[in-house]
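Residues per chain, in single letters:
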Amino acid sequence: MTKTVRSPLSLMILSLSLVFILAACGGTDNAPAASNGESAPASNSAPATDVLPEFCGDPSKLSAELHFFNWADYMDEDIMAQFEEACGVKVTQDIYSSNEDLIAKLQAGNSGYDLVIPSDYAVQILINAGLLRPLDMANIPNVVNIDPNLMGMYYDPENTYSIPYQWGTTGIAYNVTAYPDGVDSWAALFDPAQVCEQKGFASMLDDERESIGATLKYLGYSYNDTDPDHQAQARDVLLAQKECLAGYNSDNYSQTLAGEEVMIAHAWSGGTALAHGENENVKFVVPKEGSAIYMENMTIPADASNAYTAEIFINYLLSPEIGAQLSNYIYYFSPNLASQPLLDPTYHALLESGGMVVDDEIRSRLEWIKRDDQSIIFSDTWTAVKAR
Amino acid sequence: MAATFDVELRTVTKHFGSFTAVKDVSLGIRQGEFFSLLGPSGCGKTTNLRMIAGFELPTSGSILLGGKDVSQLPPFKRNVNTVFQNYALFPHLSVSDNVAFGLEMKGIDKAEIAKRVKETLEMVRLPDSGKKKPNQLSGGQRQRIALARAIVNRPQVLLLDEPLGALDLKLRKAMQLELKELQRQLAITFVFVTHDQEEALVMSDRIGVMDHGVLRQVGTPAAIYDRPADRFVADFIGDTNFLPCRVVDHRNGTAHVQVAGLTMSASSDQTLTDNSSAYLAIRPEKVQLYGPDTPHNPNEERFAGVIVETVFMGTDTRYVVELAEDIQIVVRQQNRNIASTRFALGQTVDVGWETVFARVLVS
Amino acid sequence: MTQRRKALLAFLLGPGAGWLLLFFLLPGALVIVYSILTRKDGGGVEWIVDFSSYVKLFSPTDGAVINDFMVIFARSLWWAALTSFVCLLIGYPLAYFIALQPAHVRSTYLFLVLIPFWTNFLVRTYAWKFILNNNGLLNTLLQDWGFERIAIINTPTAVLIGLVYGSLPFMVLPLYASIEKLDFDLVEAAQDLGANYLSVFRRIILPLTAPGIGAGIVLVFIPVTGQYIVPTILGGGKVAMLGNLLAQQFGPALNWPFGSAISVIFMVLLMAAVVFYLRSENRDGEAGL
Amino acid sequence: MNERQPAGSDFLRWGKRLLWANMIFSFLFLYLPIVILVAFSFNDSKLGARWVGFTTQWYVSMAQSEAILTAMENSLIVALASTIIATILGTMTAMAMERFRFPFQRTYDGILYLPVIIPDIVMAISLLAFFSLLLGGVNNLLGLEGNAALRPGLVTVIIAHVAFNISFVAIVVRTSLGELDPGLEEAAQDLGANEWTTFRRVTLPLIMPGILGGALLAFTLSLDDFVITFFTTGPGGTTLPIEVFGRIRRAISPEINAISTAMLLVSMILVIVSQLVQRRTAALSSNSVQETQ
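So the sequences go chain by chain: D, X, G and U.
Under the numbering used here, the residues of the first sequence are numbered 3 to 390, in order.
Under the numbering used here, the residues of the second sequence are numbered 717 to 1079, in order.
Under the numbering used here, the residues of the third sequence are numbered 101 to 389, in order.
Under the numbering used here, the residues of the fourth sequence are numbered 696 to 988, in order.
Be aware that one or more of the hints could be misleading.
What the hints assert, rightly or not - To list a few chain U residues with every Cβ distance to chain D over 12 angstroms, as calculated: (1) 708; (2) 709; (3) 711; (4) 722; (5) 748; (6) 750; (7) 793; (8) 795; (9) 796; (10) 798; (11) 833; (12) 874; (13) 890; (14) 957; (15) 959.
As the list claims (entries may be wrong) - With a cut-off of at most 27 angstroms between alpha-carbon atoms, the simulated BS3-like pairs for lysine-lysine come out as follows: (16) 106(G) <-> 739(X); (17) 106(G) <-> 372(D); (18) 784(X) <-> 281(G); (19) 244(D) <-> 156(G); (20) 281(G) <-> 711(U); (21) 106(G) <-> 822(X); (22) 140(G) <-> 372(D); (23) 281(G) <-> 847(X); (24) 793(X) <-> 106(G).
Hints were generated in silico from the structure; no laboratory data involved.
Think of the CB as a built atom: it goes at the ideal place given N, C-alpha and C, for glycine as much as any other residue.
Could you build the full structure based on these sequences and the hints that come with them?
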């Protein structure tokens, strides 16, 4: 009788652990499969080699898998499935939630990713650290579809390493029921008298570069000013503002805006578009003092194993149809001019009514967030704001 | 060196850090013997038992079971079983499973196990308790199950670590007899650890008295009682009068000593030195009280004294007699006579004893 | 010890110790090394020895009476202490209640305590935000019943609710473990000796369950000091705790040496507390023998 | 029934009521957010700030998202594998700590507490650096390149989770072992059981509650870990907390509530199954457990 005591439990544990050890190995040990498939695309989903569409490039150079490291909700999963269908390349996507996380992983090396989407300043850091690989533009003919005005930015003047993916602006999101006459200045957030009219219903981005940068703009300085006196001024403005804030929020501000938990918020255009789609009272403005622009870019890590396939996939994303499909899914600003005519009509209407459209005049007031050796002062200022 | 002894300890010493629990103990226990290790708590008797069982390893010396050196063997490779002080019954197993445990370990087939478990439960007179859990039993029942769990294995030696300590007096008395009877039936060597001298005297074939890790004396209950080897043994077992004395002379195991000016004769096994100080030990019940004009017994020495205390104790009466200043002796007299003939407080009496019962002990 | 015992010890201790050495101590030692290296702009470290991170940690900060970092340290410790206290206040009677139940329902209660913790912490914390928001469940109900709505979100109260919520089972489980093995005969013995309920609790039950209280406090206090999600979501991110400071240094600031230095000091502090706790526990144990 | 209780009185009844009230309050407190998130997983609003209407579309879109399904699968693999390994190693460690004396034991005791007190982010960063060194070294040594090279992934995540979970399990199991009468183990050895049989037949069944407690704690911690997982994982190794953390950057969508509800269900089923198995085992090992006295 005692023999039977042990067996069910120990058998269960034994079999469970076996299953999961096997599964765990299967989950990561895809390297052999991938290397086998390097000479020929995976057979089951892909058509025969000779009939692959032209955009799939040279089938003999395609890998079976592509490891894509991206922001969350920043890619239509259907597009990855369509690409697999057409070219036989399985795109696996993993997600990160800050540039710094991405930088840390690439810096450690051997990350295994073939395609990553860093923001502007992060591209610069990665280039300087030698962590990106020059793109072979011969494989990316669709780059001509990109708005020339968005090419050649400071962080990669020749677009050697990066091609724009999506972009946006920073500004103020407000609720027209609280601001019937609209908002046009940072003073609405930084003048204590004005912000305290919305005491407990105003929020700032929880981002040291954005919030201090906006304050610096309000004070008439550059978004990137590292002068200690100017930083001290900005700190005092932020501390004075703090008691009237609901808080600092750079995560679900679109939700608090739509739910009217806050009536005015320091926000990014992308999230505000989302909020406006849900609650049309939420509008966006780039303040007259000026604000910041950001751009996410497609880049290939220096140690990527499947660079060619990544370039083919970049080219695929830049085609007018796929570009439009992407914009219709994520509702950010697309740099893809060729896709504009194919966009969902509501896309433009939404950006229009939400006040998110960027014309040349607005564009002239926007500044890139840049990072250099002095930028560390932003962290100290931010610590002071949060500590006190 | 064939198996003259079932259990043999050869110059066994055990240190725990800087503490010496057992010091240079040598001991042989014969097959089928009921042997008790007796001593106050902390004397090393339990450590000795645990070394025989294999729970502790001797720091030096060796332990032999049936003539085979087992000093370094783990407990499960020794053919001994233990009845633990707190019984150590497995709370998650039923009574039968507890009793069957050791047999299962030997890989005996199930039918045989069932049979022997049943037999053994009957032997300890708890035939219907098999399905119960240990915590459903009373203390005495648990004690029997612990015993059953050990004897069912027919070990070469059964070790018992104060197994009766947790039982009430009446139950303990009954169990003492039962244990003794069981041992006779099974003819297994029992090594029994106890601090209760009476228990040891009642049950044992031989007793080993321990103190501070040292084995003081080994012998039959009568030998230990009547001829204690040293002052500790005399003191620990039974009551004893210790009269401080000076050795006058000694020869062939007989000595003359001076106790406060009185010269007394006594026997001794110890090495004595003339003119050294020692104690004369005499058990209260060996001392006889006499009225002033009782005839003299030639084997006895007699001394005059005054009764300074009497306590009636039922079967006997305890008197304290002052022989000289600061020299008092306790005397126990059986109450065979009617009350009127008993001695009274303040009465002058003679005390006398046979010299063989008086022992000179140096230490 | 015999060879056999030694081999057994090596078998038992070896795999765990090897694992910890290779995948915890060795990497952990890197943090100590990082803390005395030079910051590399853009993340990571330059392999040049530099103690400036420690200097910075203890230097006065501009425009403040007390160094900002020390304020954050002190705040974290204060919040951790407050959370432990409230968890103890709710958790002790809960654990006591569970321990009084019949054996077969006790494990059900314990699972009920644990089950909420199998949803993502972030999601649970956001659920509290739904409840406490200005237009959230609580205020909607209050308004429906004709009360004023109360501003609770983005206040210290909301943070405390979130912290207590996130830590409660870590208090209840060890408390339950020690109350469950409490010998209730002792309670009767004390009552027999004339102790009233309050003094029975204070003189008998409390001291006997002290190890559980200690373990619970260790398990609640330590993680709370490193918390950064709750203050951000429920407190509006208005005040930083140690966890925020660390996340900032390894994140946006990309100042790995400074982040490492903060961790080193923080861990030395906590380790001292744990050693003190273990010592006192051992002493109790010996006294009990 | 063995309702243990000190002698009754008015005071006691009053105290019992207080205990009941606290219990009800505690469970309301614990389950209110869970009820909210389950309810909102059926809310027909993308941003889910207000109740709009009933829908099951979030479950449909969840079930259709390969990313979410992969993440759920990864989370369960990591949590189960790391729990099993950590429970075994942690129990062995606890046995060694509780039943043996060895040099530097106090120091090792302290080291066991370190993973409990180290902030997540610190352990994460140090493991990131360490695994990159380790895997890089192995790749160089074996000449592995390109897609054949060893990469961080679920295996490295499991290794990292085991590293912090060993301590939690060891601490919990030690408590159980400490309360176990060592005499029972001696009794088993005395009856001829060797060390392994003694463990299997006596120690294990008696400390099983402690081991289960430790395993549950490990499972909970592993399932919820974001920071260490993120920094030790690699391509194809996204777990649910990473997915959720990333998505929350934009909004906490009802889809996330749907995922959470689903995970809650999966975990509960796992526990119920393990409970049932345990009950069945207990029932087999003995006739129903009754306690008297």
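Results for each hint:
Its beta-carbon lying about 42 angstroms from the closest one in chain D, residue 708(U) satisfies the requirement of being farther than 12 angstroms from that chain. At roughly 41 angstroms, the least C-beta separation between residue 709(U) and chain D is larger than 12 angstroms, which holds for a residue marked as non-interface. Residue 711(U), annotated as away from the interface, keeps every beta carbon of chain D farther than 12 angstroms; the closest lies near 37 angstroms. Interface exclusion of residue 722(U) from chain D stands, the closest Cβ pair being 28 angstroms apart, more than 12 angstroms.
The claim that residue 748(U) lies off the interface holds: its Cβ sits roughly 14 angstroms from the closest Cβ of chain D, which is beyond the 12 angstroms cut-off. With a least CB separation of 15 angstroms from chain D, residue 750(U) remains clear of the 12 angstroms interface cut-off, as annotated. At roughly 22 angstroms, the least C-beta separation between residue 793(U) and chain D is larger than 12 angstroms, which holds for a residue marked as non-interface. With 12 angstroms as the threshold on Cβ separation, the claim that residue 795(U) sits away from chain D holds: the shortest Cβ distance comes to roughly 25 angstroms.
The claim that residue 796(U) is not at the interface with chain D holds, since no C-beta of that chain comes within 12 angstroms of its own (minimum 30 angstroms). Every Cβ of chain D is farther than 12 angstroms from the Cβ of residue 798(U); the closest lies at roughly 33 angstroms, confirming the non-interface assignment. The claim that residue 833(U) lies off the interface is violated: its Cβ sits roughly 10 angstroms from the closest Cβ of chain D, which falls inside the 12 angstroms cut-off. Non-interface status of residue 874(U) relative to chain D is upheld: no Cβ of that chain comes within 12 angstroms, the nearest being about 22 angstroms off.
Against chain D, the non-interface label of residue 890(U) holds: every CB pair exceeds 12 angstroms, the least being about 16 angstroms. Non-interface call for residue 957(U) relative to chain D: holds, since the shortest CB-CB distance, roughly 18 angstroms, exceeds 12 angstroms. With a cut of 12 angstroms on Cβ distances, residue 959(U) stays outside the contact zone with chain D, its closest approach being about 20 angstroms. For the hint linking residue 106(G) to residue 739(X), the alpha-carbon distance of about 26 angstroms falls within 27 angstroms, and the restraint holds.
Using a Cα cut-off of 27 angstroms, the hinted pair residue 106(G) and residue 372(D) is violated, with the two alpha carbons roughly 61 angstroms apart. This hinted pair does not check out: residue 784(X) and residue 281(G) have alpha carbons roughly 44 angstroms apart, beyond 27 angstroms. A threshold of 27 angstroms between alpha carbons decides the hint, and for residue 244(D) with residue 156(G) the separation of about 26 angstroms falls inside it, so the pair holds. With a C-alpha separation of about 19 angstroms, the suggested pair residue 281(G) and residue 711(U) falls inside the 27 angstroms cut-off, and the hint holds.
As the CA atoms of residue 106(G) and residue 822(X) are separated by approximately 26 angstroms, the hinted pair is consistent with the 27 angstroms bound. A C-alpha spacing of about 16 angstroms is found between residue 140(G) and residue 372(D), which places the hinted pair at or below 27 angstroms, so the restraint holds. Between residue 281(G) and residue 847(X) the alpha-carbon distance is near 26 angstroms, which keeps this suggested pair within the 27 angstroms criterion. For the proposed pair residue 793(X) and residue 106(G), the alpha carbon gap of about 18 angstroms is at most 27 angstroms, so the pair holds.
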